[in-house]
Amino acid sequence: MSYIPHTDSDRAAMLAEMGAEDIGDLFLDVPESVRYPELKLPLPLSEMEILGELRSMSEENADLDHHACFLGAGAYNHFVPSVVGHIIGRSEFYTAYTPYQPEISQGTLQAIFEYQSMVCALTGMDAANASHYDGATSLAEAAIMAVNVSRGKRRKIIVSPTVHPEYRATLRTYTPGSDLAVTGDEEPTSNLQPDGDTACLIIQQPDFFGQLAEASELKQLAEAVHAAGALLIVNTDPISLGLFTPPGEYGADIVVGEGQPLGNPLNFGGPYLGLLACREKCMRKMPGRLVGETVDTEGRRGFVLTLAAREQHIRRERATSNICTNQALCALAAGAYLAAMGKSGLRQVAKLCYHKAHYAATQIAAIPGFDLVGDKPFFKEFVVRCPKPPSEINDALLEQGIIGGYDLGQDYPHLENHMLLCVTEMNTRTEIDCLVEALEEVTHD
Amino acid sequence: MTEHLIFEISSPGRKAVFLPELDVPATEMPKELLREDLPLPEVSEIDLMRHYVHLSQLNHAVDTGFYPLGSCTMKYNPKVNEEAAKLPGFTRTHPYQDHGTVQGNLRLMYELQEYLKEIGGFAAVSLQPAAGAHGEFTGILMMRAYHEERGDTRRTKVLIPDSAHGTNPASSAMSGYQVAEIKSDQRGNVDLEALRAHCDDTVVGLMLTNPNTLGLFEENVLEVCEIVHECGGLMYGDGANMNALLGIAKPGDLGFDVLHYNLHKTFSTPHGGGGPGSGPVGASERLAKYLPGPITVKAERQTSNVKRKISNLQLYSLEMPQASIGRVKAFYGNFGVLVKAYTYIRMLGSEGLRQVSEDAVLAANYLLARLKEVYPLPYDRSCMHEFVLSGPLPQAPDVHTLDIAKRLMDYGFHPPTVYFPLIVPEALMIEPTETESKETLDAFAEAMLKIAEEAQENPDLLHEAPQTTPVTRLDEVRAARHPKLRWKPK
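These protein sequence lines are chains G and L, in that order.
Residue numbers for the first sequence, in my numbering: 1031 to 1475.
Residue numbers for the second sequence, in my numbering: 49 to 538.
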């Protein structure tokens, strides 16, 4: 099955039109020595067969419809309202290209404009772009953006050790060579003090361990960053912003984050979307696509891709980024999710996460051998010191149909035998009680 | 026909989603950290659904009509791929689950890596890059790692033909390199003399799109690779145009060291209005160890682990390549997109894939034959999967490519890619793909020929086009001068 409509007589008629006799005549520019290689691929399957095969492949996985999940660490199990799937399932959205021709792309353009507006509302920023590949690449591009805001003069990027380890790794891949220095996360208590060479300080709120820095602490940090002439970049969980202070209020200049929790399934790590929003003063240094409002020749409101002079297809090697394709459909899902949840719904999701996580944390802390680590307020994740290696605990939990937490020892050597647990609105009290019971059993083994 | 903004249909107190009651005791909240206002819309589910359905109806899409957008491979997106990617056994898995609990995902990724290796002629593949430009950046970083490991630090220059996509120079600059542009020759190939003049021990490598953006196969591709390799440089392949090469030639056989595939072009995963795509990278033997990761590996010997409930055999796992450039994003790649590409390749098999490329090239040449008598053709050769015409019609000097593009909308077609590649004045880049019937191709050709007549007889029809679309031409200057990038309450 190749989805090709041509019959043999169609092909013959087309060849005749161009005066060719054989389809092979069209490939004479390909060196004969390498032309028509054999492709060793499995024999083709019918739709019925491939669906059967894929279904059984997918069933080899332990999925979250059949397991209680307490794993987060940057990818979150949140409820996706049915309406979101139906919206992104409209093939007028998902089979369209990037909206370069605005007259016939108003649907995509307006949906992005609304998404940008809602991301601004959520983060307290002035402008948001149409998305990046994920939170990690948003963070890396935001750091490069901060360097560009300093016109390339400031070469130091300070990143807190409590930023997601894979984001910090991605940031390092994105800043190759010795030209830009990424520093601050070498030790758990490194110096995060910005200086005259610092382009930006990057923090995460709630941090990788789920903890929330206090409002006064954040304001002081922002003031210190600005006094040094640098920018404050905040990586955040958008669901937390249903309850907590938007980064714009405590002085962030650029806000990034993983947008997956907003209406996108876990999907084994992708496709997700990177949020990126900033203050107006650095808007023209932003990477990525932006949709702006304008009017047509009749004076009607319409939307177009704008400020394209920042982008690769115009500016080539002088562009603010090489990004072209982004995660538009995931951003559509995020926009639809935010609109569906609305003012009260998002707040309620965040509240459910908060209360359930605290209930779980209290219950687990009461089990002999387990301790809650950290003294700050937290949102939906918390760190637990365990009496055994987390991998052993997770194996035992799996036997009870529970997917356990994230083993922090793999990224933070001083946190050996520490586990990061996540509780969302998807976890019922029964699930939490089962987790607690299973953890109690672990200590008896 | 325009649609209200979602904010304009909001009314205090409306809801689209009802959540369960709290079933645990509440805990006090840190008051000083709570936000005061959350200015999101408040709408009912019916209003929300209608809003987005109305918006969707303002779009042109592959499912509504012909989309001959050059360089973008807007082929039909089979519905079975969508069903496959929606299977809850895939969508409801967390990326940090133990490998033993996601053997189905890892097997799919491993097999897809194998298929892409075979199709491209490479030693290894990483599925991590999320899009074409992301794959380019990855490839350049791998070339950088290769030269650095050899202590070859003088190399700072990436060679890029003047016909290349803008992402090529942008990706090179992001990797800390300078760009040297190589001009094209009279036949649309890389100019070999210009190439030789640039080739010295400062060359990182050459980024080559083949077929190039003129839709032409590089006639001297073997020699180009040889020249670049002789000066110690590497060959980067931009796989944007792989739809012409499936079973026709393997880039690895041609001499490319590293290449990105666009699963959202060649392998029929939908473009989503601008993403998500997927840009896996294939590498030759000498570059394989630098691939970003982790990538999926298959255990030599099957090890059993009695504790695993789901899978007693942990055959597949994720590993970092030996001298990896690191990760280019969190997690492993756009997995949902990978499922669609896997489904497509399994349904077509090797013969089906070759048929795709043959019919994509046939369709492009057929349209070319029907249009070249009327529209100027700057490089008169048989094309591959796309071709480039030059917009200005000799008989209608006041009509521009933009006008032709906009007029096509009145005929119900999406315009071709316009004003690219930059080396063709007023370019019209047309890629029909293999999935369009002869009747559709004929209707498009007839519209193009009619527009050429209109350009001469009634050019205002073109200057004022489009007239049948939800909005007419939009004021892009105003949008850029006075940027309004978000809705604000009055």
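Honestly, the hints are just simulated from the structure, not real lab data.
Note that the coordinates shown come from a computational prediction; the quantities given were computed from them, not determined experimentally.
Note that the Cβ used here is the ideal one computed from N, Cα and C, for glycine as well.
Hints are supplied without guarantee of correctness; some may be wrong.
[To be verified] Only part of the chain L face toward chain G is listed, based on derived beta-carbon distances under 7 Å:
| # | residue |
| --- | --- |
| 1 | Tyr100 |
| 2 | Leu189 |
| 3 | Gly321 |
| 4 | Leu363 |
| 5 | Ser365 |
| 6 | Pro369 |
[Stated by the list, open to error] Taking lysine to any residue and the SDA-like style, the derived pairs with C-alpha atoms no more than 25 Å apart in a straight line are:
| # | chain 1 | residue 1 | chain 2 | residue 2 |
| --- | --- | --- | --- | --- |
| 7 | G | Lys1381 | G | Pro1398 |
| 8 | L | Lys420 | G | Val1212 |
| 9 | G | Lys1070 | G | Val1110 |
| 10 | L | Lys538 | G | Thr1275 |
| 11 | G | Lys1418 | G | Gly1431 |
| 12 | L | Lys127 | G | Lys1381 |
| 13 | G | Lys1070 | L | Tyr158 |
| 14 | G | Lys1249 | L | Thr250 |
| 15 | G | Lys1315 | L | His195 |
| 16 | L | Lys536 | G | Asp1055 |
| 17 | L | Lys134 | G | Lys1186 |
| 18 | G | Lys1406 | L | Pro507 |
| 19 | L | Lys63 | G | Val1113 |
| 20 | G | Lys1406 | L | Leu82 |
| 21 | G | Lys1070 | G | Gly1082 |
| 22 | L | Lys420 | L | Gly397 |
| 23 | G | Lys1381 | G | Gln1241 |
| 24 | L | Lys337 | L | Gly397 |
| 25 | G | Lys1249 | L | Glu84 |
| 26 | G | Lys1183 | G | Asp1225 |
| 27 | L | Lys498 | G | Ala1043 |
| 28 | L | Lys205 | G | Ala1211 |
| 29 | L | Lys346 | L | Ala171 |
| 30 | G | Lys1186 | L | Thr204 |
| 31 | G | Lys1186 | G | Val1212 |
| 32 | L | Lys486 | G | Ser1039 |
| 33 | L | Lys63 | G | Thr1458 |
| 34 | G | Lys1381 | G | Ser1246 |
| 35 | G | Lys1406 | G | Gly1431 |
| 36 | L | Lys420 | L | Pro507 |
| 37 | G | Lys1183 | L | Thr204 |
Results for each hint:
Contact between tyrosine 100/L and chain G, as hinted, is supported at the beta carbon level, the nearest pair being about 4 Å apart and thus within 7 Å. At about 6 Å, the closest approach between the beta carbon of leucine 189/L and any beta carbon in chain G falls short of 7 Å, and the interface hint on this residue holds. Residue-level restraint check for glycine 321/L holds (minimum Cβ-Cβ distance to chain G is 4 Å; threshold 7 Å). Among the interface hints, the one on leucine 363/L is violated; its C-beta lies about 10 Å from the nearest C-beta in chain G, farther than the 7 Å criterion.
The interface hint given for serine 365/L is violated, since its Cβ lies 14 Å from the closest Cβ of chain G, which is over the 7 Å cut-off. A distance limit of 7 Å between C-beta atoms decides the matter here; for proline 369/L the minimum to chain G is near 13 Å, and the interface restraint is violated. Between the alpha carbons of lysine 1381/G and proline 1398/G the distance comes to roughly 28 Å, so the proposed pair goes past 25 Å and is violated. For the proposed pair lysine 420/L and valine 1212/G, the alpha carbon gap of about 55 Å is over 25 Å, so the pair is violated.
A C-alpha spacing of about 40 Å is found between lysine 1070/G and valine 1110/G, which places the hinted pair above 25 Å, so the restraint is violated. At roughly 23 Å between alpha-carbon atoms, lysine 538/L and threonine 1275/G fall within 25 Å of each other, so this suggested pair holds. With a C-alpha separation of about 19 Å, the suggested pair lysine 1418/G and glycine 1431/G falls inside the 25 Å cut-off, and the hint holds. For the given pair, lysine 127/L sits about 38 Å from lysine 1381/G by alpha-carbon distance, which is inconsistent with the 25 Å threshold.
Distance restraint check for lysine 1070/G and tyrosine 158/L: the Cα-Cα separation of roughly 15 Å lies within the 25 Å cut-off, and the hinted pair is therefore satisfied. The hinted pair formed by lysine 1249/G and threonine 250/L fails the criterion: a straight-line CA distance of about 48 Å is larger than 25 Å. A threshold of 25 Å between alpha carbons decides the hint, and for lysine 1315/G with histidine 195/L the separation of about 31 Å lies outside it, so the pair is violated. Only pairs whose Cα atoms come within 25 Å are accepted, and lysine 536/L paired with aspartate 1055/G is rejected, the gap being roughly 59 Å.
Of the pairs offered as hints, the one joining lysine 134/L and lysine 1186/G is violated, with about 43 Å between alpha carbons and a cut-off of 25 Å exceeded. Proposed proximity of lysine 1406/G and proline 507/L is contradicted: the alpha carbons are some 70 Å apart, above 25 Å. Restraint check for lysine 63/L and valine 1113/G: the C-alpha separation of about 13 Å stays at or below 25 Å, so the hint holds. Proximity of lysine 1406/G to leucine 82/L is assessed by CA-CA distance (about 15 Å); at most 25 Å being required, the pair is judged to hold.
Proximity of lysine 1070/G to glycine 1082/G is assessed by CA-CA distance (about 23 Å); at most 25 Å being required, the pair is judged to hold. Straight-line distance between C-alpha atoms of lysine 420/L and glycine 397/L comes to about 35 Å, which puts the hinted pair past the 25 Å bound. Taken as a hint, the lysine 1381/G and glutamine 1241/G pair is honoured in the structure, with Cα atoms around 15 Å apart against an allowance of 25 Å. Note on lysine 337/L and glycine 397/L: the hinted pairing is violated, with a Cα-Cα distance of about 29 Å set against a maximum of 25 Å.
With a CA separation close to 17 Å, the supplied pair lysine 1249/G and glutamate 84/L stays within the 25 Å bound. At roughly 13 Å between alpha-carbon atoms, lysine 1183/G and aspartate 1225/G fall within 25 Å of each other, so this suggested pair holds. A C-alpha spacing of about 22 Å is found between lysine 498/L and alanine 1043/G, which places the hinted pair at or below 25 Å, so the restraint holds. With a C-alpha separation of about 22 Å, the suggested pairing of lysine 205/L with alanine 1211/G holds against the 25 Å cut-off.
Note on lysine 346/L and alanine 171/L: the hinted pairing holds, with a Cα-Cα distance of about 15 Å set against a maximum of 25 Å. Under the criterion of a C-alpha separation no larger than 25 Å, the hint pairing lysine 1186/G with threonine 204/L is consistent with the structure, at around 22 Å. Between lysine 1186/G and valine 1212/G the CA atoms are separated by roughly 6 Å; this keeps the pair inside 25 Å, and the hint holds. Using a Cα cut-off of 25 Å, the hinted pair lysine 486/L and serine 1039/G holds, with the two alpha carbons roughly 10 Å apart.
The hinted pair formed by lysine 63/L and threonine 1458/G meets the criterion: a straight-line CA distance of about 23 Å does not exceed 25 Å. The hinted pair formed by lysine 1381/G and serine 1246/G meets the criterion: a straight-line CA distance of about 22 Å does not exceed 25 Å. The suggested pairing of lysine 1406/G with glycine 1431/G is violated, with an alpha-carbon distance near 31 Å, which exceeds 25 Å. Our distance criterion of 25 Å between C-alpha atoms is met by lysine 420/L and proline 507/L, whose separation comes to about 21 Å.
Between the alpha carbons of lysine 1183/G and threonine 204/L the distance comes to roughly 21 Å, so the proposed pair stays at or under 25 Å and holds.
In summary, the numbered hints that this structure violates are 4, 5, 6, 7, 8, 9, 12, 14, 15, 16, 17, 18, 22, 24, 35.
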